[in-house]
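Chemist: Read in order, the letters of the sequence shown correspond to residues -19 to -1, 1 to 784 in mature numbering (1 follows the signal peptide of the UniProt record, and there is no 0).
The hints are simulated quantities; they were obtained by calculation from the structure and are not laboratory data. A hint or two may mislead.
As the list claims (entries may be wrong) - Simulated restraints on C-beta separations:
# : residue 1 : residue 2 : range
1 : SER553    : LEU484    : 25 to 31 Å
2 : GLU413    : ARG116    : 45 to 51 Å
3 : PHE450    : ILE637    : 20 to 26 Å
4 : GLU322    : TYR486    : 28 to 34 Å
Keep in mind the model is a prediction, meaning the values are calculated, not measured. Where is the CB? At the ideal position from N, CA and C, for every residue including glycine.
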Amino acid sequence: MPMLSFFLQITMGRKVTLAVCTLNQWAMDFDGNYRRILKSIKEAKAKGASFRSGPELEVTGYGCADHFYESDTLLHSWEVLASLLRDPTCEGIMVDIGMPVMHRNVTYNCRVIFLNKKILLIRPKLMMCDDGCYRESRWFTPWQKPHRVEEFFLPRMISEITDQKVVPIGDALISTKDTCIGFEICEELWNPLSSHITASLDGAEIIVNGSGSYHELRKNYVVCDRIKSATAKCGGIYMFSNLRGCDGERVYYQGCSSIAINGDFVAIAKQFALEEVEVTTATLDLEDVRAYRVKNRSRTLKGAESEGYPRIVVDYSLSSTADMAIQPSPIINWAFPTPEEEIALGPACWLWDYLRRSGQGGFFIPLSGGIDSASVAAIVFSMCRMVCAAVKNGDPDVLRDARRIVGDPEYVPKEPRELCNRVLVTCYMGTENSSRETRALSKDMANQIGSYHMTVAIDTAVTAIVAIFSTLTGRIPKFRVLGGGSREDLALQNVQARLRMVLAYLFAQLILWARDRPGGLLVLATGNVDEGLRGYLTKYDCSSGDINPIGGISKVDLKRFLKYACETFKLSALNEILKATPTAELTPLKDGHTVQSDEADMGMTYEELSTYGRLRKQLACGPYSMFSKLVHQWQNKWTPFQVAEKVKHFFRTYSINRHKMTVITPSYHAESYSPDDNRFDLRPFLYNPLWLWQFTQIDAQVKHLDLLKDSLSTSTAGTNITWKSSGGVHESFSEKPSDSRSGQQRAPENKMADTPSGDLGIFVSGGGYRQPALEVCNTSTNLPKCFAEPLDCGEVKSRIWLL
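Assemble the whole structure, with the sequences as input and the hints as a guide.
Modeler: Right, dumping it as structure tokens:
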């Protein structure tokens, strides 16, 4: 009997080695994509894997957009698959790749699974992703027939290789001799009705997910939680393969391919890296899955009654017969980077991909001595650090690209400052309105990162442009501080700003020529996400360029990043830049010092601007909803009237300036409240900035709150009043309430009770004890009748609850 048990264990197999692949693909680069896929299969086999999975749409690249409409895209995808099927490297391992497939004149986002020159299954995506920057439903259709397969007639070029005319397409599982494999694609993991649940209940022990997940600040833990939850709830092995890098769009695919079992991770790929191919493997025991599941009695009950999937039976084993000699992979923890580390690494990798694929020779930054341009320069320096580290670690692809960029076939980057001098040109473009402080800060920053730096005065160009206008009109515009009007002042500021962009492109095109080097430079824009949202920028100034690594990052996060960079990169100049007041330096100085301030010009702080942005985009707040939330969130800082004025000011300026976002420079997508007009934040660019209806409703609520406070204070002398709505305490007052428009506030009461969602709650207390609301109404006969009924303020009604 013991011998029989030993024999069964050897022949059945328990342990499997699986490979997930992180690929830096490029949209429509079929040749490069094919080479990277083939390389990943070779590495997976070399690491002993019996199953290899790759990212979503890895054959074409994810960001092909409307190229997915073209028949050429489908044709070349099949040609890539044919090349893989022919290659002997791809034999002896089950391979899962992502590509578009047309079936019965409908295009699907598919996984194609093949083994030893035979296609086993074409598995279409069941749920499209249309959130954020995704627009999958524009090009693909979800598979509408769950748990069903149909016959797919293969192209002749494939049939000649596989000797198959038809293969199954649809929602099915693959059964090998030792396990069962299920599939889902990217969005299906996020959906409430995830495919891994039903597949696991029907016996799938390995779930394979090819994904195209892009980076957003503070998002990485979401992917981790989804995968852990998927395997903790049902048990099983989860293979998550993701893209990496810039494949031609604003997003950066964040890697992090991983393998998990029963709620724990055993393998995780890097999130930010310059490697084009990273193969991550893990060895797991299938019996661990079975033991985990059989102990979960509620899961076994649901599994027994679950609807069955079609199964593709394959004469192949993922496990080895030499089980005892194989050690399973240990459990590891997923370490999340800080937002500052994400800013240092994500945009740096994105810049490297764009630079090497654009064919240009480096970057040009108008370095002003302020936080934004210093952040861009620090990110380029971070890129140089990553390039030097990759070359030191023996990455031949990075070395090849670095040599081509600098135009030296023998070049070996060894030190970040030296590389930065070759690939980054910075220039301080000063005018008579520029201060000595910012000029010095710009120079210090350039010296510390090693950039090729220039300082130039552009007053001659500014004077010449203004002279053209004055010659034609006979009028001489003046700054406001010199007696001019607001239109004159703004026009004179914009002339300076726009000339900087013109000169930036002139230098970017010719500075390498002047240095006897081939090629040109990419102009890096330096506007942040908050200024884009507010419209605090000049069309075609230094917010314009070829690309912008910080256009999706808030000013608050950039300040934190610079503190991190100061310590980590040893850039002490950043300390002084952080201390300086953010300013455009476009108006005359006073005693040699800047008097202009960004926050004063905007009429709001950067912290407030970030708050507006998150409420507008993340919580989908219009003016009225934003006021309703901020009146409580800012209760200890501002009165309802002041909050209303702030909200109105934001929406007025936002709507007046929204047109600027239609021409904004393509930026690295990092924030979930980005105002990017291209794909992420689709809005009109011509608004009525008066927002008459919306602002009227806000005014009615302010009047309502003032009336409520005044009435209660008059009717309940000696009684403390606190009011709130769902969201927290607003304010409290005693006999003489403060003027709601004066800004004077008292500390809020903590004695609160829950109210129905969205309703206004009144809490009355006095003399150290709580008075029931009914007693207040009975004894305080001066209370308005409306306090016991809905209060009518024109078209706005709000129910008052006495607690």
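Chemist: Now look at each hint and say whether the structure bears it out.
Modeler: For each hint, the structure was consulted:
1. At about 29 Å, the CB distance of SER553 to LEU484 agrees with the hint of 25 to 31 Å.
2. Taking 45 to 51 Å as the suggested C-beta distance range, the pair GLU413 and ARG116 conforms, at roughly 48 Å.
3. In this structure the supplied range 20 to 26 Å holds for PHE450 paired with ILE637, their Cβ-Cβ distance being about 24 Å.
4. The hinted range of 28 to 34 Å is satisfied by GLU322 and TYR486, whose Cβ atoms lie roughly 33 Å apart.
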